[in-house]
Structures are given as C-alpha cells and as structure tokens.
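J.: What follows is each chain in one-letter form.
Protein chains: 2
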Amino acid sequence: MQRLKIYQQLIIDNFNEIFSGYNPEIKKLYDPITYSLEGGKKIRPVSVLLSTDIFEGNLKEALIPAFAVEMFHNFTLLHDDVMDNSFVRRNRPTVHAKWSVNQAILSGDAMMILVYQKLIELPSHKIKPVIEMINKTALQVCEGQQLDMDFETTLNVSLEKYMQMIKLKTAVLLAASLSLGAIISDASENDIKNIYDFGINIGLAFQIQDDYFDSFGELKTFGKKIGNDIITNKKTFLLINALSMAEKTDKEKLKQLYTAETKDEQAKIEEVKNIFFKLQIPEITKEKIKILYESAQKNIENLKGISSSKKEQLYEFAEYIIKREK
Amino acid sequence: MQRLKIYQQLIIDNFNEIFSGYNPEIKKLYDPITYSLEGGKKIRPVSVLLSTDIFEGNLKEALIPAFAVEMFHNFTLLHDDVMDNSFVRRNRPTVHAKWSVNQAILSGDAMMILVYQKLIELPSHKIKPVIEMINKTALQVCEGQQLDMDFETTLNVSLEKYMQMIKLKTAVLLAASLSLGAIISDASENDIKNIYDFGINIGLAFQIQDDYFDSFGELKTFGKKIGNDIITNKKTFLLINALSMAEKTDKEKLKQLYTAETKDEQAKIEEVKNIFFKLQIPEITKEKIKILYESAQKNIENLKGISSSKKEQLYEFAEYIIKREK
Numbered sequence: 001m002q003r004l005k006i007y008q009q010l011i012i013d014n015f016n017e018i019f020s021g022y023n024p025e026i027k028k029l030y031d032p033i034t035y036s037l038e039g040g041k042k043i044r045p046v047s048v049l050l051s052t053d054i055f056e057g058n059l060k061e062a063l064i065p066a067f068a069v070e071m072f073h074n075f076t077l078l079h080d081d082v083m084d085n086s087f088v089r090r091n092r093p094t095v096h097a098k099w100s101v102n103q104a105i106l107s108g109d110a111m112m113i114l115v116y117q118k119l120i121e122l123p124s125h126k127i128k129p130v131i132e133m134i135n136k137t138a139l140q141v142c143e144g145q146q147l148d149m150d151f152e153t154t155l156n157v158s159l160e161k162y163m164q165m166i167k168l169k170t171a172v173l174l175a176a177s178l179s180l181g182a183i184i185s186d187a188s189e190n191d192i193k194n195i196y197d198f199g200i201n202i203g204l205a206f207q208i209q210d211d212y213f214d215s216f217g218e219l220k221t222f223g224k225k226i227g228n229d230i231i232t233n234k235k236t237f238l239l240i241n242a243l244s245m246a247e248k249t250d251k252e253k254l255k256q257l258y259t260a261e262t263k264d265e266q267a268k269i270e271e272v273k274n275i276f277f278k279l280q281i282p283e284i285t286k287e288k289i290k291i292l293y294e295s296a297q298k299n300i301e302n303l304k305g306i307s308s309s310k311k312e313q314l315y316e317f318a319e320y321i322i323k324r325e326k
Numbered sequence: 001m002q003r004l005k006i007y008q009q010l011i012i013d014n015f016n017e018i019f020s021g022y023n024p025e026i027k028k029l030y031d032p033i034t035y036s037l038e039g040g041k042k043i044r045p046v047s048v049l050l051s052t053d054i055f056e057g058n059l060k061e062a063l064i065p066a067f068a069v070e071m072f073h074n075f076t077l078l079h080d081d082v083m084d085n086s087f088v089r090r091n092r093p094t095v096h097a098k099w100s101v102n103q104a105i106l107s108g109d110a111m112m113i114l115v116y117q118k119l120i121e122l123p124s125h126k127i128k129p130v131i132e133m134i135n136k137t138a139l140q141v142c143e144g145q146q147l148d149m150d151f152e153t154t155l156n157v158s159l160e161k162y163m164q165m166i167k168l169k170t171a172v173l174l175a176a177s178l179s180l181g182a183i184i185s186d187a188s189e190n191d192i193k194n195i196y197d198f199g200i201n202i203g204l205a206f207q208i209q210d211d212y213f214d215s216f217g218e219l220k221t222f223g224k225k226i227g228n229d230i231i232t233n234k235k236t237f238l239l240i241n242a243l244s245m246a247e248k249t250d251k252e253k254l255k256q257l258y259t260a261e262t263k264d265e266q267a268k269i270e271e272v273k274n275i276f277f278k279l280q281i282p283e284i285t286k287e288k289i290k291i292l293y294e295s296a297q298k299n300i301e302n303l304k305g306i307s308s309s310k311k312e313q314l315y316e317f318a319e320y321i322i323k324r325e326k
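Each protein sequence line maps, in turn, to chains L and U.
Oh and the first sequence: position 227 is 227 in the numbering used here, straight run, nothing missing.
Oh and the second sequence: position 244 is 244 in the numbering used here, straight run, nothing missing.
Looking at chain L on its own, in the form it has when it is part of the complex (with noise of 0.2 Å):
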C-alpha cells in the first residue's frame, strides 16, 4: 500500500525532529531509546494516521498519539526483551543485550514517561480522552503480559485463557491505535467503537496468523525462524488446540515433548508438527483467522460515518495486516 509507506515516511522524518532536541548531556539514557525506534513496520502509528484520515482529522495532529503508540509499543519490547531474556529483536541485538539489563529497564521507563510528554501537546480538550484510551491499553497490555508469563510455567492453559492474553498483549494496541484517529478526528460514539473492535478483530487474526507461520510458514517470507516457538515451549493457538483435542497418546507425547529437554531441536519440530497435521491443526487454524477476519469486515461495513473509498482503504490494510508473510 503506497499509503502506508508515505505513512510510514511522515512518522519517521517526525521522530528524527523530536529527537535531535533531547538533552545530549544525558546522552547514555536516550541513546538506546532512539535505537529501539529503528526500524520495524510502524504498524501502531500508522494505523493512527490511516483513521485520522479516515475520518478526515488532522494529520499533523495525528502525528502526536502516533509518536505515543509508537514509543509505548517499544517500550513493552524493550521490557519484554529483558523479561524474556531475548537477544536479537529486528536482526540487531536488543537494548539489554547492546547495553544492560538496568540500561534497558532505565531507558524504557523513561520512554513511558516520553509517551505522556508528547500527549500532552495535543489541544487540551482531547488530552484527557486520549490519555485515557493509552492508560486503559497500556494497564491491558501489562496484563497480557503478565498472563503470557504465567503461561510460561503450565500445560494447562484453556483456549478462552490464550484468546485473553493475544487480545491484552497484541490486539489492544492496534485496536487503541486505529480508536485514537477516530478520537481525535471527532468520530461518532459508533464508528470509535467500531474502528476498535476492527482493531482487536485484525489484532488476533496477525497474532493466531504468527503462531500458524511458526510452524507451517516459509523461511524467506515469515522472516524468523521456523519451528522457534516448538523449541521455546511457548504456548500457542496450534498448540492448545493440539492439546484440548488430541487423544491419550498424542497427548501424552506432546506433554513429553513440552516439559522434557530438548535433545534434537528439528526432531521435536517434526514430531509436533506430525501431530498438528493430524489433527488438522492448519485448517482449524485458518478458519479462525477466516472467522475473525468476517467479523473485521463487518466492523467495517458498521462505520456510518465514512464513505465506500474510505471503507476500500481498511479493506487494503486488514490485507495488509492479515495477508502478510512477514
């Protein structure tokens, strides 16, 4: 989506502008918090701008809670690197491994303060309401987290328990993203709350669509490794649903599989996967994301305020989000 990249162009070029006025005596706080803005798809801010001009706002306006999303979303990245003791995020080695672990908590808890700063230059009658939308999102996230941690130590974690944790911890903030354009653009109650639930829909659908590329994508289009989160143990939709479905055996040898050491990496990677094939895991797979892609579109289909190319435009980016490979 041409859209998108100049999107993408306008957040960058913004961010260089803000932080070229940043104290340069403190220049070790700061370092790694530009760093950790580097690359990636700018997904959250863009989607920022996308709904402003959706609901024809103001873009240079916008360019406010798109920094917020942004630098928030960093933020948990640079937590949860050190949380889940991460090295390489983006191809480069992440801020704990480049610097510390206390360098990155530090730098991180100065960009959630960064988050509020800039919030603070929008207009004063919409600061309060979207500081609210960031605060609700950003507690939820903390939760999603929280529950994604506690995962880490059971078998035993219902389907209703994961779709909780991949809605706190991804879905939220796609969602709060593509609400705060409608905020500030002065949509109507009903296309704020449509525009979020399209958020959550298309947020799932990426996240049950990552767990489906771990393990049946190819290398050179997911662009991670595959079979990483078999080798992690990390529970996700492929494998809950593997484990409230399959019979003794299977189960049994699962179980085997998630709690013992891991001898031969590509072994487990073949023996799980066997199993999600026949139980035909990648079908059930594909039909949620079938399913919650229907209910995206209905999201759309429920926005009153807005015309048919405006409407074309979300149809392109849960595309764009959902159809990805990478």
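In short, the hints are calculated from the structure, not lab data.
Heads up, a few of these hints could be off.
Since copy identity is lost for identical chains, a pair holds within one copy or between any two.
In silico DSS-like links for lysine-lysine, alpha-carbon gap of 27 Å or less [said to hold, decoys possible]:
no. : residue 1 : residue 2
1   : 60        : 136
2   : 5         : 224
3   : 323       : 118
4   : 193       : 288
5   : 118       : 193
6   : 167       : 118
7   : 167       : 27
8   : 136       : 304
9   : 27        : 161
10  : 118       : 136
Use these hints to put chain U onto chain L, whose structure you have.
T.: This is chain U only, laid out in the frame that chain L set:
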C-alpha cells in the same frame, strides 16, 4: 508534627480505597504494587497536602497528585532496587526478592501507568500543568538514576556532578510535590517558584545529611546500618569532598580502599572515617547543610501569598525533614 500525621493517615485511607477497586483477576500484577506502597514516611504526598493547605487549595483534590507522586516514588524504588541488586527495603524483602526480577519490572511498569491514570481525574484545566510538572520531574529522576549508575564505575566524580545527581535523583521530586500543591491551588508564579526552590534546598540538605549519618550517625536513630555507603563504595558528599581535598598519601589510600576488594568491613569503615575526620569532612558537611537550610528559609520568606502562621508550618516541615535522624 501532628498535622503531618493527619496527612499521612488521609493518604493511607485514600490508597486503600483506590486499591479495593482493582481487577482481582490479574492479582499477580497488582499484589507487588500494593505491597510496595505499604510503609514509608510518605514525605512526598504529605508535601502535596501541606502545600495545598498552605496555599488554601482543595485538600480532596490534592489527594490526586499526592497519590501520583507516591506511586511514582515507589515505582522508582522498585526498579532501582532491581538495578542496585538491593534485597531489603523498609525492613522487608524488596519486590524482586519476594517475587522475581521480571515481576518487579512488570509491576513497576504498571505503577507508572497508574500515575497518569490517577492524574486525569483532576479537573480538565489542571491536567496539563500537573502532568507537565510530573513528566519533567520523572525524566529528571531517570537522568539522576543514570548519573548514579555511571558513578558506580568511577572515582572521578566532581562535586558539581554529585550535586546535580542528588538534585535530579532526590530533590526534584520533593520540590515537584510541594509545587503541585501550589499549582492546583492557583498560587502565583512567584510562589510556585519559591516553594519549588524550597523543596530543592531541603531535598539536597536531606540527602547530604543522609550521607553524613551513614558515617557519623547512630544506628538507633538513623535506622540504617552505619557505614553501608563506605562498604558499598558509594560516591557520597563526604567521599567526593575528601577525594578533592586529600593530599597525596590519603588520596591514594582512599582510592585503594574504594577499589580493592574489602576483606575487613569494620576496618575499612574505620580507616575511611579517620581520613574524613582528619580532613574535617564532618564540619564541611554540616556547614553545607546549614547553607542549604538558610537558602530554604529565604525561599519561605520570599513567598508572597501566605500568612506568617502558614510560613511557620513550612519552617516546621523543614526541621522535620532535615533534623530527623531517621
């Protein structure tokens, strides 16, 4: 001060009320937060209430920024304890010691969000100036922690840099707390500035006195282990002055004591204290505290909008902060 006790109780009651309303489902995220808020002298929220009282503002409204500064302060303690690898705070295990490092990072992050969640309860026109003050201060506290971390690996710290560090890490939050009471009470620019500077001066004096008591206090009144800063090689007002004033032999001795591995802790404390005595560091330190206290008194006298009985309360407060041995 009887009045401060009343404020403390108001704050504690208000906290209990707020936390009874949180989502119990994600208890694990919120338990460390309520735990970390227990105890402590609540100097910062008390400062907000005291200042609001002095400038004849609305005490009920003042509970909002009071909550925010105490939440922010405890958030910094929680993350600082991780960074400093400290296992005891207020005579109890720190959050990362009781739960885990990951839990301390995540619950700390949630606390930061709760700061702003609370602040948007203020009347709309007060949200922006209050968040501006909180943001500026919060970033300064991060910058102070950055300097403090940087000091860990060097003995080459100038007195100027040290004063900047304690200003950022300790004094600005007390100053901000006092000024927030003035801001929400619509005090004049002059009075907001003077109550802020009063906070900086007593905050600096408080920290330098803390450094002093670590070497020359009495366990029963100080409440912390005597000599701990010396054992942990902390850069204090005392050490930095001693390093800048000592002649060759004492300077080499100090450098050696602060870099070599410590075999006998008590012997190290005695040796360092002997050099401090020889260089008249106790007198220099007490003189610095006196100068700061006199500046704080001038700040009180410069306040235009309050009666002399209100000024009396500020004198008492300064005494309470600085003359304390705990």
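J.: Go through the copies and call it for residue 136 and residue 304: within, between, both or neither, with a Cα cutoff of 27 Å.
T.: within (25 Å within a copy, 41 Å between copies)
J.: Reference check for the pair residue 118 and residue 193, CA-CA at most 27 Å: within, between, both, or neither?
T.: Close inside one copy (25 Å) and across copies (24 Å); limit 27 Å.
J.: When no copy is named, should residue 323 and residue 118 be tagged within, between, both, or neither for a Cα gap of at most 27 Å?
T.: Neither, since 33 Å and 40 Å both go past 27 Å.
J.: Between copies, within a copy, both or neither: which fits residue 60 and residue 136 at Cα up to 27 Å?
T.: both (24 Å within a copy, 24 Å between copies)
J.: Please work out whether the CA atoms of residue 118 and residue 136 approach to 27 Å or closer within one copy, between two copies, in both situations, or in neither?
T.: The answer is both: 17 Å in one copy and 12 Å across copies each meet 27 Å.
J.: Regarding residue 5 and residue 224, is the shortest C-alpha distance of 27 Å or less found within a copy, between copies, in both, or in neither?
T.: within (22 Å within a copy, 58 Å between copies)
J.: When no copy is specified for residue 27 and residue 161, does a C-alpha distance of 27 Å or less occur within a copy, between copies, both, or neither?
T.: between (42 Å within a copy, 15 Å between copies)
J.: When Cα atoms must be at most 27 Å apart, do residue 193 and residue 288 count as within-copy, between-copy, both, or neither?
T.: within (22 Å within a copy, 59 Å between copies)
J.: When no copy is specified for residue 167 and residue 27, does a C-alpha distance of 27 Å or less occur within a copy, between copies, both, or neither?
T.: between (36 Å within a copy, 18 Å between copies)
J.: Within, between, both or neither: how does the pair residue 167, residue 118 come out at a Cα-Cα threshold of 27 Å?
T.: Both ways: residue 167 and residue 118 sit 26 Å apart in one copy and 24 Å across, limit 27 Å.
Figure legend: structure checked against the earlier numbered hints; the only hint not met is number 3.
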